[in-house]
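Novice: Sequence:
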Amino acid sequence: MISKTRMKWPNTRRRPMFRSRNLRNSLVICCPMRPSMSPVKTRPLRSIRRNNLFIFGNLMQTLKAYFTLTKPSIMLLVIITGGTALIMEGSLLQDPFRFVMALLAIYLTGGSANALNQCFEREIDAKMKRTAARRPLPLHTIGAASAFVFSIAIGVAGLAIFYYYFNAYSALLSLATILFYSLFYTLYLKPNTVQNIVIGGIAGSMSPVGAWVAATGQMAVDPWILFLIIFLWTPPHFWALALVYKDDYRLAKLPMMPVVKGDDSTYKQILIYTWLLVVASLALVINEQLGWVYILLAAALGMLYLQKTYQVMKNRTEPQLKGLFGYSIIYLFGLFAVIIADSLI
1 MISKTRMKWP
11 NTRRRPMFRS
21 RNLRNSLVIC
31 CPMRPSMSPV
41 KTRPLRSIRR
51 NNLFIFGNLM
61 QTLKAYFTLT
71 KPSIMLLVII
81 TGGTALIMEG
91 SLLQDPFRFV
101 MALLAIYLTG
111 GSANALNQCF
121 EREIDAKMKR
131 TAARRPLPLH
141 TIGAASAFVF
151 SIAIGVAGLA
161 IFYYYFNAYS
171 ALLSLATILF
181 YSLFYTLYLK
191 PNTVQNIVIG
201 GIAGSMSPVG
211 AWVAATGQMA
221 VDPWILFLII
231 FLWTPPHFWA
241 LALVYKDDYR
251 LAKLPMMPVV
261 KGDDSTYKQI
271 LIYTWLLVVA
281 SLALVINEQL
291 GWVYILLAAA
301 LGMLYLQKTY
311 QVMKNRTEPQ
321 LKGLFGYSII
331 YLFGLFAVII
341 ADSLI
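Following the working numbering, the numbering of the sequence shown begins with 1 at its first residue and continues without gaps.
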């Protein structure tokens with residue numbers, strides 16, 4: 001009787017030595033690599049590049065924060081005014097290396113004063129919209145301690161350049177300027193008197209005097225005329241901006257002219273200082289330092305400045321105030337550019 005059970009025939013197919021899913025491991029076992037070819041677990045190249053870019057980006061952001069701490073836009077003006085004095089004096093034009101070193105020392109010492117100012121004012125800057133969104137300490141891009149060390153370091157470097165490459169007189173003058181601005185102006189004048197900008201403008205106007213003393217080791221009339229021009233330019237320049245951001249200053253409890261004296265008084269003060277500035281700009285001709293090319297261009301720049309000031313006083317709009325603030329920068333750069341050109345011709 002034949003069984004109905006299905007008979008199982010043996011599988012005569014040969015099994016492969018390894019399955020495809022174990023191919024890689026089997027190859028490693030069957031074909032061992034030489035020591036130099038041993039498999040190493042490495043991070044993907046794309047991940048390494050991404051990490052390097054992240055590190056580089058953080059480094060650049062930190063360097064930018066330290067650079068911003070020196071207030072580079074203000075320091076550009078300081079460098080130009082100091083460089084103008086060096087060109088008028090003329091002796092360092094024969095020594096380009098020392099000319100550049102003088103400008104570097106001016107930047108480092110001025111940048112130190114600006115950085116110390118921000119260290120001491122970081123809480124005030126955090127309260128004001130204009131500064132809270134722009135300055136590195138309120139943004140916590142760098143720490144206060146690091147900023148303070150940086151401020152001292154670049155100040156010492158600038159003073160050392162003045163002393164080593166030039167003379168002790170220029171180093172002492174620069175040290176006095178740093179202390180006046182970062183301590184006397186920042187901690188006492190600015191929070192206590194409505195004339196803070198006027199008196200504090202002394203520090204910002206010292207660049208031509210310091211540059212001249214570095215080059216010659218002595219004082220002269222010409223750099224003090226440049227000092228006077230910058231000194232008279234500072235109040236109308238800054239008060240135009242203060243009128244726009246007076247609510248910020250009121251919130252920070254800083255006694256700026258528009259906050260304490262009101263808009264009418266501030267506009268009158270802007271006009272008075274602008275007239276004094278235009279007259280002072282012609283003193284270089286009286287001193288026979290510059291010629292008729294300068295007097296014509298300086299008068300044209302000054303008349304346009306006065307015209308814009310009268311327009312702002314009449315209309316009193318924020319766009320015109322910002323326009324006046326912008327033109328004040330163009331005016332000073334243009335005036336010193338004419339001085340440089342007239343001195344070189």
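No lab work stands behind these hints: they were computed from the structure.
Model, not experiment: these values are computed from the prediction.
A virtual CB, placed ideally from N, CA and C, is assigned to each residue, including glycine.
Mixed in with the good hints there might be a few duds.
Said to hold, decoys possible - Below, in silico cross-link-like pairs of lysine to aspartate or glutamate (DMTMM-like), each with a Cα-Cα straight-line distance of 20 Å or less:
1. 314 <-> 263
2. 190 <-> 95
3. 246 <-> 318
4. 129 <-> 248
Said to hold, decoys possible - For each label pair, taking beta carbons as the anchor points, the in silico distance ranges come out as:
5. 76 <-> 143: 21 to 31 Å
6. 61 <-> 126: 12 to 22 Å
7. 140 <-> 315: 36 to 46 Å
8. 299 <-> 62: 24 to 34 Å
9. 344 <-> 187: 14 to 24 Å
10. 286 <-> 143: 28 to 38 Å
Novice: Within 20 Å, alpha carbon to alpha carbon, are residue 190 and residue 95?
Specialist: Given that 20 Å is the threshold and the Cα spacing comes to 40 Å, the pair is violated.
Novice: Against the range 36 to 46 Å, how does the distance between the Cβ atoms of residue 140 and residue 315 compare: consistent or not?
Specialist: For residue 315 against residue 140, whose Cβ atoms are near 40 Å apart, the range 36 to 46 Å holds.
Novice: Look at the Cβ atoms of residue 61 and residue 126 and judge whether their distance stays inside 12 to 22 Å.
Specialist: Since residue 61 and residue 126 have Cβ atoms about 19 Å apart, the given range 12 to 22 Å holds.
Novice: Is the gap between the beta carbons of residue 286 and residue 143 within 28 to 38 Å?
Specialist: Hint violated: Cβ distance 51 Å, outside 28 to 38 Å.
Novice: For a C-alpha distance cap of 20 Å, please report whether residue 129 and residue 248 respect it.
Specialist: holds (7 Å)
Novice: Quick check on a hinted range of 24 to 34 Å for residue 299 and residue 62, using CB atoms only.
Specialist: violated (47 Å)
Novice: Go ahead and decide if the range 14 to 24 Å is satisfied by the Cβ distance of residue 344 to residue 187.
Specialist: Taking Cβ atoms as reference, residue 344 and residue 187 lie about 41 Å apart, which means the hint is violated.
Novice: Hint says 21 to 31 Å; check whether the CB-CB distance for residue 76 and residue 143 agrees.
Specialist: holds (27 Å)
Novice: Does residue 318 lie within 20 Å of residue 246 when you go C-alpha to C-alpha?
Specialist: The hint holds at about 12 Å.
Novice: Against the 20 Å threshold, does the CA-CA distance of residue 314 and residue 263 hold or violate the hint?
Specialist: Holds: residue 314 and residue 263 sit about 12 Å apart, inside 20 Å.
Hint violations for this structure: numbers 2, 8, 9, 10, all remaining hints satisfied.
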